[in-house]
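Participant: Sequence:
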Amino acid sequence: MSILLDYIKWRGDLSFDKDPFNEADAMLLSEMAYFPWDCIPDEEFSREEPTLARMVPLLDWTKGTFTTRPYQTELAELAANSIRYSQILVMDPVNEIDHGNAMQFSAVTFLYSKKQIFVSFRGTDSTIAGWKENMALAYEEHVPAQLKAVRYLKNAAAKHKGMIITGGHSKGGNLATYSAVFSNELLKKRIREIYSFDGPGFNEVLAENDKFRSMMPKIHTFVPQDSIIGILLVHKEGYSVIHSYEKGGAKQHLMDSWEVGPHGLILEKSLSKTGELGLASLDQWISGLSFSEKKEFVTIVFGLAEKNKIRSVDELFDVRNLVSVMNAYRKLDKKDRSAITSTLSDLGSSIVDNLKERYVDPVSAVAGKLAENVTGFATLSINYLEYKKHN
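Going by the numbering used here, the letters in the sequence shown line up with residues 989 to 1379, in that order.
Just so you know, these hints were derived from the structure itself, not from any lab.
None of these values were measured; they are calculated from a predicted model.
Heads up, the beta-carbon is just placed ideally off N, CA and C, and yes, glycines get one too.
Please note that the accuracy of each hint is not assured.
[What the hints assert, rightly or not] Quick list of simulated restraints, FRET-style, between CB atoms:
#1 G1150 <-> L1320: 22 to 32 Å
#2 R1178 <-> D1321: 48 to 58 Å
#3 L1320 <-> P1008: 52 to 62 Å
#4 T1061 <-> E1129: 37 to 47 Å
#5 L993 <-> K1257: 19 to 29 Å
#6 D1086 <-> G1276: 24 to 34 Å
[To be verified] Quick list of in silico lysine to any residue cross-link-like pairs, SDA-like style, CA-CA up to 20 Å:
#7 K1102 <-> A1126
#8 K1224 <-> K1147
#9 K997 <-> N1069
#10 K1319 <-> E1284
#11 K1147 <-> F1170
#12 K1103 <-> N1089
#13 K1102 <-> K1149
#14 K1147 <-> L1175
#15 K1142 <-> G1088
#16 K1006 <-> Y1100
#17 K997 <-> G1252
#18 K1283 <-> N1089
#19 K1282 <-> A1268
#20 K1322 <-> E1284
Let the hints inform the model, and build the full structure from the sequences given.
Facilitator: Structure representation (structure tokens):
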């Protein structure tokens, strides 16, 4: 089993001049968007060159809006002490949360080779605002973070005159793509590649925008074989399937389970049967809802958390808050409760329809796939609770 940590050990002694930048490097810099760079005092970025070797020891992993995993701290230490990554410059970290407008935006720029920069966008963090904005991708023409991403990329390009690569994981992949596609024509010419790692696509209106056509050859989208997040919405550019060591799309979403070889990512020929089932079911469900129905569902569901002043997933999983949310659900009027149950019922129907097409015994199949993903979610939850207990 070889993952990104192993790739750094294999290639960490080679500069980008000796071994050119590839998708594994893009994956690493996309993971680094989750590091709490914004918690480092501003003066540290200007006092001396903000190299990875100098900045990583200054990181306070207890801060930030994303729960740090041991994998990330090991990744940071390995990269900071390698020839390949130690002299990368870390610049302009941004982390903005606006609960009122359901906006979560985080990005950082890496100068990795002379005049070449990698603009890295973070995925959804633990804030309720971030998760609500993620859901809004299905029905809004533009979400606030997408517009922020365009401005951030424009500013980064103005400061650095060389070629540009954008990238990100989860919603960060969507932002990396959106920011490049909706940049001005001069900036587009400087964009060499765009990387989206299990990032959702775009709603059907945005996906048909003419601006996508010219950038399509530069977009590289990767999803694991049982993907849940990355197959959401429309991907006109297509995608490559990465092999993940985990079972179930929930656990496969994290990049620490993706197989990496000495020269890049290890790919599968196609999605697994589970992935194909998820793709067909989610596509049928989402396309069957109008924009207004999607918005109503998201507004009501997240309204339950907002009414109870719950600002993060951490707070949501507090037993007292869960009870409060359930009580708030019971107090919803008949129309709102019906909107939730009807939408979830449509999802169930989509899954059953696609199971019938693919399996002789759909009942056994759904039980197996459900158990697989429930196990994945349960393991993630247990690991998270253990982490919080000791930190």
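Participant: State for each hint whether it applies.
Facilitator: Hint-by-hint comparison with the structure:
| no. | hint | in the structure |
| --- | --- | --- |
| 1 | G1150 <-> L1320: 22 to 32 Å | 54 Å, violated |
| 2 | R1178 <-> D1321: 48 to 58 Å | 53 Å, holds |
| 3 | L1320 <-> P1008: 52 to 62 Å | 56 Å, holds |
| 4 | T1061 <-> E1129: 37 to 47 Å | 39 Å, holds |
| 5 | L993 <-> K1257: 19 to 29 Å | 26 Å, holds |
| 6 | D1086 <-> G1276: 24 to 34 Å | 31 Å, holds |
| 7 | K1102 <-> A1126 | 39 Å, violated |
| 8 | K1224 <-> K1147 | 31 Å, violated |
| 9 | K997 <-> N1069 | 10 Å, holds |
| 10 | K1319 <-> E1284 | 17 Å, holds |
| 11 | K1147 <-> F1170 | 19 Å, holds |
| 12 | K1103 <-> N1089 | 36 Å, violated |
| 13 | K1102 <-> K1149 | 10 Å, holds |
| 14 | K1147 <-> L1175 | 12 Å, holds |
| 15 | K1142 <-> G1088 | 25 Å, violated |
| 16 | K1006 <-> Y1100 | 14 Å, holds |
| 17 | K997 <-> G1252 | 13 Å, holds |
| 18 | K1283 <-> N1089 | 14 Å, holds |
| 19 | K1282 <-> A1268 | 18 Å, holds |
| 20 | K1322 <-> E1284 | 14 Å, holds |
The structure does not agree with the numbered hints 1, 7, 8, 12 and 15 stated previously, though it agrees with the rest.
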